[in-house]
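Asker: Sequence:
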Amino acid sequence: MAPLIYGIYREKELSPGKVEADAAILEEVLQGLAARGCEVRYLSASDLPSEPPRATGILHLAQGPEALGRLFLWERAGLPLINSPQAVLRCYRRNLFPLLAPAGVPYPATRFFTLKETRGRWPREFPGPGWLKRPEVHAEVPGDVVQVRTLAEAQAALGDFTRRRFDGLVWQEHVPGEEIKFYAVGPGRFFQAFWSATGEPVNGPLINPLKALAGRAARLIGLEVFGGDVIQTPEGPLMLIDLNDWPSFSRCRKAAAQEIARHVECLWTL
Numbered sequence: 000m001a002p003l004i005y006g007i008y009r010e011k012e013l014s015p016g017k018v019e020a021d022a023a024i025l026e027e028v029l030q031g032l033a034a035r036g037c038e039v040r041y042l043s044a045s046d047l048p049s050e051p052p053r054a055t056g057i058l059h060l061a062q063g064p065e066a067l068g069r070l071f072l073w074e075r076a077g078l079p080l081i082n083s084p085q086a087v088l089r090c091y092r093r094n095l096f097p098l099l100a101p102a103g104v105p106y107p108a109t110r111f112f113t114l115k116e117t118r119g120r121w122p123r124e125f126p127g128p129g130w131l132k133r134p135e136v137h138a139e140v141p142g143d144v145v146q147v148r149t150l151a152e153a154q155a156a157l158g159d160f161t162r163r164r165f166d167g168l169v170w171q172e173h174v175p176g177e178e179i180k181f182y183a184v185g186p187g188r189f190f191q192a193f194w195s196a197t198g199e200p201v202n203g204p205l206i207n208p209l210k211a212l213a214g215r216a217a218r219l220i221g222l223e224v225f226g227g228d229v230i231q232t233p234e235g236p237l238m239l240i241d242l243n244d245w246p247s248f249s250r251c252r253k254a255a256a257q258e259i260a261r262h263v264e265c266l267w268t269l
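Heads up: the sequence shown begins at 0 in the numbering used here, then just goes up one per residue.
Honestly, I wouldn't trust all of these hints.
Said to hold, decoys possible - FRET-style restraints, in silico, Cβ to Cβ: (1) D159 to Y41: 23 to 29 Å; (2) E19 to R120: 49 to 55 Å; (3) G36 to R188: 18 to 24 Å; (4) F111 to L150: 15 to 21 Å; (5) R110 to S43: 34 to 40 Å; (6) W267 to S49: 19 to 25 Å; (7) D166 to M0: 44 to 50 Å; (8) G36 to S195: 35 to 41 Å; (9) C265 to E152: 45 to 51 Å; (10) E26 to K115: 42 to 48 Å; (11) P175 to F111: 20 to 26 Å.
In case anyone wonders, no lab produced these hints; they're calculated from the structure.
Note that this is a predicted model, so its numbers are computed, not measured.
In this text, a Cβ means the ideal position worked out from N, Cα and C, and glycines have one as well.
Kindly produce the complete structure, drawing on both the sequences and the hints.
Answerer: The structure is reproduced here in structure tokens:
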């Protein structure tokens, strides 16, 4: 009997402007597994059955708490999932940086505040110029991540966060430097990185320390398919500013899909 692999699409509300791109990477991976003799089927993260399907494993892009709660039960029942729903929850910003700190992963000063705290403390103790970010899933709309330079700018962003009923926010210090986006599988099987400003690939002596930093963070969180953002500071050191589960791999989808399929084949001995 052929191995049966399910693919689960990301919730559309969590794929702002990327519904097609997120679907494309999942479908290309599943097509690669089908070419290897697997049977493949698709589900929506917004409409998961209560009972786990009879399957060899699940590849999913779900990020919302409701879908992850269902997938966590499936995982506890013994169904293999990539990525583990626990790892996806660890990527929520309020969870991510406290987990990285004890291991010494370099990242900018980052703090979680409830909105009540910001109203009471920031007029007296504004933490300074930086980035205000929604505290859980990664950006849905541009206003989910806002650069602020003054208390007045921060208060305007806080008003928007309050209207949208966020319970808090992550403040992250602004670090000058060049931003790099990376995409990875494994960790250790596949890694590509690109300068955000130009889209050009990152090559040369920087690639190995960049790969090591990304892989170290992913192992701590428990990710198999992941991406993120790093700043190369003017002084040279790299600083991680975000880590996310299963990106769209839009700059390297074909190569990444092939490696994800190979990784699944090896990991699950298909």
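Asker: Would you mind marking each hint as holding or not holding in the structure?
Answerer: Structure-based check of each hint:
The supplied range of 23 to 29 Å is broken by D159 and Y41, whose beta-carbon atoms lie about 35 Å from each other. Between E19 and R120 the beta carbon distance is about 42 Å. The supplied range of 49 to 55 Å is therefore violated. The beta-carbon spacing between G36 and R188, approximately 21 Å, falls within the hinted interval of 18 to 24 Å. Range check, F111 to L150: Cβ separation about 19 Å, and the 15 to 21 Å hint holds.
Distance hint check: the CB atoms of R110 and S43 are about 36 Å apart, consistent with the given range 34 to 40 Å. Taking the beta carbon of each, W267 and S49 are about 24 Å apart, inside 19 to 25 Å as hinted. Judged by the Cβ atoms, the range 44 to 50 Å given for D166 and M0 holds: they are separated by roughly 47 Å. For G36 paired with S195, a C-beta distance near 39 Å keeps the hint of 35 to 41 Å intact.
Roughly 49 Å separates the CB atoms of C265 and E152, a value that falls within the hinted 45 to 51 Å. For E26 and K115, the hinted distance range of 42 to 48 Å is satisfied, since their beta carbons lie about 43 Å from each other. In this structure, P175 and F111 meet the distance hint of 20 to 26 Å, their C-beta atoms being roughly 23 Å apart.
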